[in-house]
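Chain A is already provided as a structure; the job is to place chain S on it using the hints.
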Amino acid sequence: MRTRVAAILVVSVVVLGLVLSPGCKKSPTGTAPEAAAAEPIKVGAILAVTGPASFLGAPEKKTLEMFVEQINQAGGASGHKIELLIKDSGAKPENAISMAKQLIDEEKVLAIIGPSTSGETMAIKNICEEGKTILLSCAAAETIVNPVANQVFKTPQKDSDAARRIFEVMKDAGITKIGVITSNAGFGIAGGQQLQKLAPEYGVTIAISETYDKQETDLTGVLTKLKGAEVEAVVNWSIVPAQSLVAKNMRQIALDVPLFQSHGFGNIKYVEAGGEAANGTIFPCGRLLVADVLPDGHPQKKVLVKYKNDYESRYKEDASTFGGHAYDALLILTEAIKKAGSVEPEQVREAIENLQGVVGTGGVFNFSAQDHNGLDKDAFEVLTVKDGKFVVYEP
Amino acid sequence: MNLSQIVQYGLAGITVGSIYAITAIGFNIIYATTGVINFAQGEFLIVGAMTAISLSRIAPLPVAILGAVLITTVLGGLIEIVFIRPVKHASVLRLIVITIGLSILIREAMLHVWDEKVRSLPYFTGTPVSTVTILGAHISPQILWVLGVSAVIVVALTLFFRFTRTGRAMRACSDDRMAARLCGINDRWMVTLSFMLSAGIGAFAGCVISPVTQTQYDMGAPLAIKGFTVAIVGGLGNSMGAVAAGLFLGLLEALVMSQFATAYKDVVAIVVLLLILIFRPSGLFTRSDVSALRTV
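These protein sequence lines are chains A and S, in that order. Quick note: the first sequence uses this note's numbering, first residue 1, plus one each step. Quick note: the second sequence uses this note's numbering, first residue 396, plus one each step.
Simulated from the structure, these hints should not be mistaken for lab results.
Here are some chain S residues the structure puts well away from chain A; computed CB gaps all over 12 Å:
| # | residue |
| --- | --- |
| 1 | Ile-453 |
| 2 | Ala-459 |
| 3 | Val-544 |
| 4 | Ile-580 |
Calculated pairs, DSSO-like style, for lysine-lysine (alpha carbon to alpha carbon, straight line, at most 30 Å):
| # | chain 1 | residue 1 | chain 2 | residue 2 |
| --- | --- | --- | --- | --- |
| 5 | A | Lys-308 | S | Lys-512 |
| 6 | A | Lys-171 | A | Lys-377 |
| 7 | A | Lys-316 | A | Lys-306 |
| 8 | S | Lys-512 | A | Lys-301 |
Even glycine gets a Cβ: it sits at the ideal position worked out from N, Cα and C.
Excised from the complex, chain A in its bound form:
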């Protein structure tokens, strides 16, 4: 009996420690005297740092930590230091919901950056709306900002624009009959719908459309089905490691047609995991991956090269467009605070809607009350893989 009581005590102490530890963390000490006067702003972030979408959440977390440090060293946003509270949702919508409630009700944050995935974002959209807290999502699905919700913004490019860029390439190449495979996660489902909707506009027929589980370890079966349908190209829309599996499995069953993927492919890790099979994959993507080869006059060149170099020298790994989405989210928030000259939530929110020409990693943002994404299809560049590297696609 006594040992049991002792065990319960030990467990309670450990649990208490875990709960309290973030609160005990030393707040960043200000160096600039004028910054000490202005109150720090609390910004929450709900990111899938671990779990199946960790390739999104992990670079997003690293990016935010780096960027917040840079902002605070430079004196903060309009003199306000930023206090960043990062929560790891593990890509589970139910976690995202409780974290969003906690950030809004207990921490009273000005804004939430994230979540990393579309499913999680849709799950907390209403919570932020009711809690009158700005949400800057790093997820791609168009349904996040269409229909527009007052408090909800997103930084990644629209998936309908990604689909349009893919269809443009197909039209030029004379491809008219395609097979579509999507993962059964939020991003894959939303992308599949956009492809279905836009295909007729470009004279493309979707001969076969299949869904696979997001944790699939082999896709030869579903690709065999596509091969049987004699498609002229394959479009895969997913954010899971299946992206490199598709490339490998297609070659292994000798399905020798062009492979198109979504902007979810923008991580060199997938190319490495796909090896030789990844060569020739065509996909629309933000310009971060080709920052070095952009012409000097390109408006995004400076921002992209700086972010890429900062990230890569600090973390010793390749920058991905996903980290860039978090960068853009924080950039938009700080720009809005500067523009509003205030940290009142409603004024900051209105300031975001009026932001024009903010150059981020994903493109040049022009927000309005109707457009909470601010990007158009020119934010995408069509890329391909050549000898294991990303290059601009040339037909």
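Okay, now just chain S, sitting in the frame of chain A:
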């Protein structure tokens, strides 16, 4: 559907089936000795593959795999000594719950040792784009490796359990632990040995499938679920049955996929599992009287 297409579906079935089969084999060893289903088996696969990937940077592939198998074997032994052996009045159910906890523990530890990124070992022969052509259909040479390695493991295990003193001692522990102890068998070490063996085989399996499935820290659980299904369908404790059941389930999934939407294939796997559990709990390939003997 023409012949080459039918063969292609068959090969697709064999591809997934071989992955299920090689995962399932590991479940059987610990079960055959202790009656416990080790839910951390999937994690052994990933630990093995991850270690091999790290080692392959400094050593040639065969050495890296051998090293990974040895390290994981030792890890399996340590886990048994630290977490399983001290449990007093160990009921099978309690041990199973412990293995579920272990799987979470190992998974989180892997996240810290490595990270969240997807990796894979290089193909043993050829590259990701090479194929073997059979009757106008194509299959990756790595799948032939998976099948070959499964066969070698099954034969080796059968010989080990039938003809070596240690193997027989392990089987004796499973049948009646008290009687085995009375005969002078050190039953505690037999259990440790079964964890080591199953971890080592898991690691080897993880290395062989890594080029095909790729390796990520949290992939153990989905692999283990299919492996577990296959182990039950084949009859728990029966390695040969596991391989047959793995290929059977893979082919069945391919058949479903060829006729219906891909999304239905997992439904089939679960339905098969339920049917087996209801009508033939001893598995397709194990005689029911044999399995009844085991539980006495």
